[in-house]
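Two chains, each in its own frame: build the complex with the hints.
Read off the chains here:
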Amino acid sequence: QQPVQSPQAVILREGEDAVINCSSSKALYSVHWYRQKHGEAPVFLMILLKGGEQKGHDKISASFNEKKQQSSLYLTASQLSYSGTYFCGTEKEETSGSRLTFGEGTQLTVNP
Amino acid sequence: DGGITQSPKYLFRKEGQNVTLSCEQNLNHDAMYWYRQDPGQGLRLIYYSQIVNDFQKGDIAEGYSVSREKKESFPLTVTSAQKNPTAFYLCASDDGGVNGYTFGSGTRLTVV
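Chains as they are written, first to last, in my numbering: chain A, 99 to 210; chain B, 471 to 582.
To be clear, the hints were calculated from the coordinates, so they are not data collected in a lab. The structure displayed is predicted, hence computed values, not measured ones. Any given hint could be a false lead.
Once the Cα atoms are required to be at most 25 angstroms apart in a straight line, the calculated SDA-like pairs of lysine to any residue come out as [as the list claims (entries may be wrong)]: (1) B:Lys553 with A:Glu202; (2) A:Lys135 with B:Asp524; (3) B:Lys541 with B:Val489; (4) B:Lys484 with B:Asp524; (5) A:Lys190 with B:Val489; (6) A:Lys148 with A:Glu202; (7) A:Lys166 with A:Ser104; (8) A:Lys148 with B:Asn496; (9) A:Lys135 with A:Lys148; (10) B:Lys527 with A:Lys166; (11) A:Lys157 with B:Val568; (12) B:Lys527 with A:Gln100; (13) A:Lys165 with B:Gly567; (14) B:Lys479 with A:Lys157; (15) B:Lys479 with B:Asp508; (16) B:Lys484 with B:Gly533; (17) A:Lys148 with A:Ser128; (18) A:Lys190 with B:Arg483; (19) A:Lys148 with B:His499; (20) A:Lys124 with B:Gln507; (21) A:Lys190 with B:Ala501; (22) A:Lys166 with B:Gln511; (23) A:Lys190 with B:Gln487; (24) A:Lys166 with A:Lys190; (25) A:Lys190 with B:Asp524; (26) B:Lys540 with B:Val489; (27) A:Lys190 with B:Ile521; (28) A:Lys135 with B:Gln507; (29) B:Lys527 with B:Leu515; (30) A:Lys124 with B:Lys479.
Okay, chain B solo, but in the shape it has when bound (with noise of 0.2 angstroms):
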């Protein structure tokens, strides 16, 4: 079946250190998406890619990176520089069409 996996489900993150979350398509969506979600205030778009080697800011980009190399791929690196990285963070793809986005199950990042 196709779908968006992610992983690891928990992290845990010592301060100062990168971490770098993982996020696999086998749906050959060529549009994926990172989005951070903190109680109370929705989803909030981090990165995008619409296309391989081709990445876009979001609306709360800033100490975080990510790479766009293969199509099924869109790793995000959550950096020391990120001040509040304690959250829920979920991958996304779409094929451009009317089926909506397609979410991985999440991962929960605590920086300890």
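The following block holds chain A by itself, in its conformation from the complex (with noise of 0.2 angstroms):
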């Protein structure tokens, strides 16, 4: 079953803040993270593993509250370089190996 993301798109300017969220009905194993620009191919951002820590790099990081099946995506001080759609993909705990499934994806537009 998909993950539902929110919101649906964003609008920022420069130097906001964002947060994405993505929530699943199932138990999860891992959430992953990546951005699409438009026309090319997903980038992986992080992932973030049941009983792992949060991560984060730069003004990206992330979160996974296990108990709700949430995962939470934060984005500060964006750049003009953040723009794109953000998609969360979720493995689930019964399935084999690392099979993931994208949610819909968040619009992120930063402007200047």
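Rendered as structure tokens:
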């Protein structure tokens, strides 16, 4: 079952912060986050594992609430380069291997 | 440099024709995946393979076929049985670890 992302779209001014959420009705083993620029391939940002720690690099970080099966992606002091569509991909506990189910995406636009 | 190569970038097909999309990787990854992307629907899994000579259906396998005769190659055939084949097709691979999926640049298929 497809994870649900919110919001569907967000518009920011450069330097503002944003939070993108991803929730699943299934017990999860991992959550991946990807960013896709228009017409390009998605690019891996980070992975959060069950029982693992909050991840982050530079001004992008993420958390995973195992009790609620929810993950959040935090973008702070946004830059123009952050614009794109963000997808979460979830791996269920009962499936073998890293077969991901992706959400519908959140379109992020950062304006000057 | 290692990566995934998809070809062609754009493909036009007449109704009733089969067409094969190429996906080659030199990352030495065991697992490979095919996803379909339609506007507003995120990425949906068509087929995946975790090892040579073995593959499994994903969520939307009807009208598609694959083969995995070599570790490096995972071609996707869109058959005439696929009712709505116009879409953006993405191939991906991973090493089963924490480095996420690596995606190819995609093939945009249009049925005319």
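Here's how the hints hold up against the structure:
1. B:Lys553 with A:Glu202: Between Lys553 (chain B) and Glu202 (chain A) the Cα gap is close to 22 angstroms, so the pair holds against 25 angstroms.
2. A:Lys135 with B:Asp524: violated, 32 angstroms
3. B:Lys541 with B:Val489: Given that 25 angstroms is the threshold and the Cα spacing comes to 21 angstroms, the pair holds.
4. B:Lys484 with B:Asp524: Violated - the C-alpha atoms of Asp524 (chain B) and Lys484 (chain B) are around 30 angstroms apart, more than 25 angstroms.
5. A:Lys190 with B:Val489: violated, 32 angstroms
6. A:Lys148 with A:Glu202: The given pair, whose Cα atoms are some 22 angstroms apart, holds under the 25 angstroms limit.
7. A:Lys166 with A:Ser104: With a Cα-Cα distance of about 15 angstroms, the restraint between Lys166 (chain A) and Ser104 (chain A) holds, given a limit of 25 angstroms.
8. A:Lys148 with B:Asn496: Violated: Lys148 (chain A) and Asn496 (chain B) sit about 30 angstroms apart, past 25 angstroms.
9. A:Lys135 with A:Lys148: Given pair Lys135 (chain A), Lys148 (chain A) is violated - Cα atoms ~28 angstroms apart, limit 25 angstroms.
10. B:Lys527 with A:Lys166: violated, 29 angstroms
11. A:Lys157 with B:Val568: holds, 20 angstroms
12. B:Lys527 with A:Gln100: holds, 16 angstroms
13. A:Lys165 with B:Gly567: The given pair, whose Cα atoms are some 24 angstroms apart, holds under the 25 angstroms limit.
14. B:Lys479 with A:Lys157: violated, 33 angstroms
15. B:Lys479 with B:Asp508: OK: Lys479 (chain B) and Asp508 (chain B) at ~16 angstroms, within 25 angstroms.
16. B:Lys484 with B:Gly533: Measuring from Cα to Cα gives roughly 15 angstroms; hence the hint holds.
17. A:Lys148 with A:Ser128: Holds, at about 6 angstroms.
18. A:Lys190 with B:Arg483: violated, 36 angstroms
19. A:Lys148 with B:His499: holds, 23 angstroms
20. A:Lys124 with B:Gln507: Roughly 23 angstroms between the alpha carbons, so the hint for Lys124 (chain A) and Gln507 (chain B) holds.
21. A:Lys190 with B:Ala501: holds, 17 angstroms
22. A:Lys166 with B:Gln511: Given pair Lys166 (chain A), Gln511 (chain B) holds - Cα atoms ~24 angstroms apart, limit 25 angstroms.
23. A:Lys190 with B:Gln487: violated, 36 angstroms
24. A:Lys166 with A:Lys190: holds, 14 angstroms
25. A:Lys190 with B:Asp524: Holds: Lys190 (chain A) and Asp524 (chain B) sit about 21 angstroms apart, inside 25 angstroms.
26. B:Lys540 with B:Val489: Since the Cα atoms of Lys540 (chain B) and Val489 (chain B) sit roughly 20 angstroms apart, the hinted pair holds (cutoff 25 angstroms).
27. A:Lys190 with B:Ile521: holds, 20 angstroms
28. A:Lys135 with B:Gln507: Holds, at roughly 14 angstroms.
29. B:Lys527 with B:Leu515: At roughly 8 angstroms apart (the allowed maximum being 25 angstroms), Leu515 (chain B) and Lys527 (chain B) satisfy the hint.
30. A:Lys124 with B:Lys479: The hint is violated at about 35 angstroms.
Hint violations for this structure: numbers 2, 4, 5, 8, 9, 10, 14, 18, 23, 30, all remaining hints satisfied.
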